[in-house]
Every structure is written in structure tokens, then in C-alpha cells.
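Student: Chain residues, written in single-letter form:
Number of protein chains: 2
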Amino acid sequence: MLEEFSEKVSYLGPETSFTHQAAMKMFPKAQLVSMPGIPEVFKSVENSSVKFGVVPVENSTEGSVGVTLDFLLESGVKIVCETSLDIKHALLSEFKIEEIEKVFSHPQALAQCRNWIASNIPKAELVSVSSTSMAAELASKEQKSAAIASLMTAEKFGLKVLAENIQDFSFNKTRFLVLSLSEIPNAKKNKTTIAFSTMHKAGALFNCIKAFKVYDINLTKIESRPSKKNAWEYVFFVDFEGDAQHSNSQKALEELKENCIFFKTIGSFPVIQ
Amino acid sequence: MLEEFSEKVSYLGPETSFTHQAAMKMFPKAQLVSMPGIPEVFKSVENSSVKFGVVPVENSTEGSVGVTLDFLLESGVKIVCETSLDIKHALLSEFKIEEIEKVFSHPQALAQCRNWIASNIPKAELVSVSSTSMAAELASKEQKSAAIASLMTAEKFGLKVLAENIQDFSFNKTRFLVLSLSEIPNAKKNKTTIAFSTMHKAGALFNCIKAFKVYDINLTKIESRPSKKNAWEYVFFVDFEGDAQHSNSQKALEELKENCIFFKTIGSFPVIQ
Chain A
1 MLEEFSEKVS YLGPETSFTH QAAMKMFPKA QLVSMPGIPE VFKSVENSSV KFGVVPVENS
61 TEGSVGVTLD FLLESGVKIV CETSLDIKHA LLSEFKIEEI EKVFSHPQAL AQCRNWIASN
121 IPKAELVSVS STSMAAELAS KEQKSAAIAS LMTAEKFGLK VLAENIQDFS FNKTRFLVLS
181 LSEIPNAKKN KTTIAFSTMH KAGALFNCIK AFKVYDINLT KIESRPSKKN AWEYVFFVDF
241 EGDAQHSNSQ KALEELKENC IFFKTIGSFP VIQ
Chain B
1 MLEEFSEKVS YLGPETSFTH QAAMKMFPKA QLVSMPGIPE VFKSVENSSV KFGVVPVENS
61 TEGSVGVTLD FLLESGVKIV CETSLDIKHA LLSEFKIEEI EKVFSHPQAL AQCRNWIASN
121 IPKAELVSVS STSMAAELAS KEQKSAAIAS LMTAEKFGLK VLAENIQDFS FNKTRFLVLS
181 LSEIPNAKKN KTTIAFSTMH KAGALFNCIK AFKVYDINLT KIESRPSKKN AWEYVFFVDF
241 EGDAQHSNSQ KALEELKENC IFFKTIGSFP VIQ
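Same order as they appear, the protein sequences are chains A and B.
For the first sequence, position 37 matches number 37 in the numbering used here, and the numbering has no gaps at all.
For the second sequence, position 198 matches number 198 in the numbering used here, and the numbering has no gaps at all.
A couple of the hints might just be wrong.
As the list makes no split between identical chains, a pair holds if one copy fits it or if it spans any two.
Straight-line C-alpha distance at most 20 Å; calculated EDC-like pairs for lysine to aspartate or glutamate [unchecked claim]:
#, residue 1, residue 2
1, Lys210, Glu258
2, Lys123, Glu40
3, Lys251, Glu241
4, Lys221, Asp70
Hints were generated in silico from the structure; no laboratory data involved.
Modelling step: build the complete structure from the supplied sequences, incorporating the hints.
Tutor: In C-alpha cells:
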């Protein structure tokens, strides 16, 4: 479906980031273009300098990526595909484990390996940097330091792998979205993401999600984000199983809209395992 | 209620942080103790080395503080009070605004002032550090640099205020929670926080929140967090108006529990304006 696409695809970089790995998995023949931030991925899709963009949307232990949700709301791009990757961290260094005095990594990676660090390198100073790639670069330059990053990053910076699979939760996964201005032709869409706001009164959210119950549609995710219009007002992001164009989904969404002050379909799309 | 309390209260530091300011507002006579992180505030309350702890839980533009929600779930402490503060940022420096080449701040503060920075100091390099207090310290030492932080931080580090109220959203507020092992005697509790998990089937969340509709109870917040037990399973945090001991709340929570596989009351508490 996406495997044969050979043009440009942007992703949240730097090179060897987990989003890069997700982009390589889905687009093995494309020209992958690294972007410094999530806003830049959205912009590159919006202004058609790339056909597709890849961003992270949720980690199974750390939760949603707020910036991605905020841009899905504001931007004109659609979600056209989703995939997920197992997130496995490794300790990388040019030194021996007992020599390590300092460990560089992204704050999320440090958080995901908290117990392993406490058990294995309890005295090491932990330094948060902006990416695991940056961490590996620093570890390759500084004496008695290490990085927590992926095996792919180890290869790029020529670091040894001192320990593998050091994340505390065995089911550490991240979901990634493919963004585009137009849907993938003939794709079997089995998931939909919508966003809506309810009136601020008792039972408002209940009335909104009642429609899914009535039409027996399974919600896989509900998440609230600040509306950024008034303090303590929210936009709800809902993922459900099925295509928004199916008859049952259409009926449910029509009922939902009657109880909303804002509604947006962000995309119906296939999920690639 | 809390004003006369004169013993120890821990807060998310460092000194002059917004949580410090929230703690000073609620506990003007207490001995305030700075903690390096949110987990340390919870631990200091759990092991009774302080009577109360103060942590941030939600910002009106950036959303919930995930670490606070995760610890509310795992810890034995209760929420016993809530307050909110207007979050106002200022540009602080020893130099003139046209001389500024580098700006230090916490990443959330940089995000909250993104538009002002782009309009007023577009060429400045932005450097993320772990607190606005750390940012001010660095700005007081480095040539041609500035910090984005509060007015209180300016006083502490002897920096000039180059611009005030530079946050992009006029309604930028943060909610803070007071944590304790025991409730405040005779407090009028007008808000409750609960957490629950539903079965993974169509209509499960609907069945859980139906009870609030039936008993005409207003939900002020619903938020999902990863369960950390299995990938893509969630715990819902719900805030509602009223005391969990009121007759209507008790009935609603009894009905809710019948549809949950996990349920916890995290506290009923007064809201201090």
C-alpha cells in the first residue's frame, strides 16, 4: 500500500529516532526527510513539500504526545495510516558498565528505564538532552559516559551495546501516524479519529458518546486536551473501530454532532501491524 | 482553614517556582520545604516527614501533569484542597532587549511564550533547562542572555524585568493540589476526584459515566492515562462537582463501580480561589 511509494516523506528526526524507524518500516523505498520538530512535519505536509509525514501520537506507558494532538486539531492534514513499534532501549558506551559516571538520554527514555538505572548504575548522573541521537553523540565524545538509545543509534555512532532491553515495562510501544492532505486510494479503513467539544453542562459528554453505544461502536481511546480558547474547557479526541463512511458510523456521528459545539473528523485509516 | 498551619509543607521546587507561589498563597505561616521532583513531594507526605505537599496537576493551555496523575493512582495520599494561579511570564536580563542572543527557560514556559518570542526576539537562541529558576541563574551569569520566568524569580536573582505578561494566552492558569494522609477537619468539600478502569468492550465508558447523568452531577474533567499494566489500556480520571459523601454522589459512585474493573476515590476537597 505504502511500500512502493518512492517520493519524499518527512518524519520527526533526528536520524535513527524511533519515528525514523517507523517511517522506514512503512516507506522502505521513499526519500525520508528528517524534521527538527512535530510542527515542522505538519507544515511540510500542509505546504506539499512532502506527500506524507510521520509523527508519534502515543506511548503505551507515558501517554499521548500533546503537540501532535494540538496540531491535528488546527491543521488541515488527515491521518491516513497508523502503525506501532516496540520501543526498546539499550545502554550504549565506549566504556565498561562499571566505569560509567554519566548517562545522557531523552527525558522519556530516562523515565522508561528508571528502575533499571536504579538497580544497575545507581550512582550515574542522569543528563536530559533533546533526543536519543544527541545523547549518543555526546556519549561518543565524553569520557566515562553512556547513552540510553536504540540499537540503530549504536550503529550510527559506533558505540558498544552494554545492555539491551533495559526499559522497565515489557509492553513499551509507541503509536505513529502517517499524515497527508489526501487519503490513500483503496485502503481498508478500520479505525477513525474524531475531535469534538461539548456544552459545559451536566450530562454533556454522556450525550455525546451515547451515540457510539446505540450503534455498538467500540471506542478504543478517549482523551481530553485543553481547548486553548478558555481555561478549563476541553476538546475530546476519540478513536473508534471502523470507517466514518460506514452506515452505522455515519448515524452515530450525526447524533454526536447534535450534542457538540465543535466537531471534526481527523481521518479514517488502516492500521499496519 | 490552612492559613494558620505553621508546620512543614513540601512543594515542587526550586524556590520561586509557581508551585512555591501556590504553597505560599495557601500556607502563609508554614515552613515550606522545596523538593526536587513531584515523586519526592508524594514520598514526603507518605512517610509523614511533612503534613501537606503541594504539586501542579494541570495547566490551562498545556494540559495535565502526567507524573502527578500517575502518583495519585499509586500513592496512598488524598487530595485535600485545590487552588489555581495565573501563570504570568516575564523576560528577565541584565542586558537590553536588543542585545539578547540567548534565552533560557523551562520548555513549558518557552512553549507558552512562543508567539511573543517570534515577534520580539526572533533571532535569540532558545535553551531548555529544568526550571525557570535555573534559567534565571544562568541568565545572571552569561553575557547577552535572558531568562523567561516569574517576577518573583527576577527579585531572587537580581535581574531586570525587560517585559511582563509575555505569555501568548491571556487565560494561562495552573491548578495545584494539596496532598495529605488525612482530610482537613470541617472543610466544605465541593469537588471530588476519582479514578477507574472500564472493561474493554463497546459501551463500557458510556455505562460508567451514565450514573453521573442519572444523578445530575456535573463532570468538570475527564482524562485518560495509560494503565501501565497492558499496552493501550487506560485509567480514567474524573473530577466532579460535590462531595463523594453526599447522597447523590454515593448513589452515582455505587452504580459506576458496578461497571468498573478498578475504582478509587482520590479525594473530596474544597477549592480555594
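Student: Next, verify each hint and record whether it holds.
Tutor: Checked hints:
1. Lys210 - Glu258: both (12 Å within a copy, 18 Å between copies)
2. Lys123 - Glu40: Close across copies (18 Å), not inside one copy (38 Å); limit 20 Å.
3. Lys251 - Glu241: Close inside one copy (14 Å), not across copies (32 Å); limit 20 Å.
4. Lys221 - Asp70: Both ways: lysine 221 and aspartate 70 sit 16 Å apart in one copy and 18 Å across, limit 20 Å.
No hint from the list above goes unmet by this structure.
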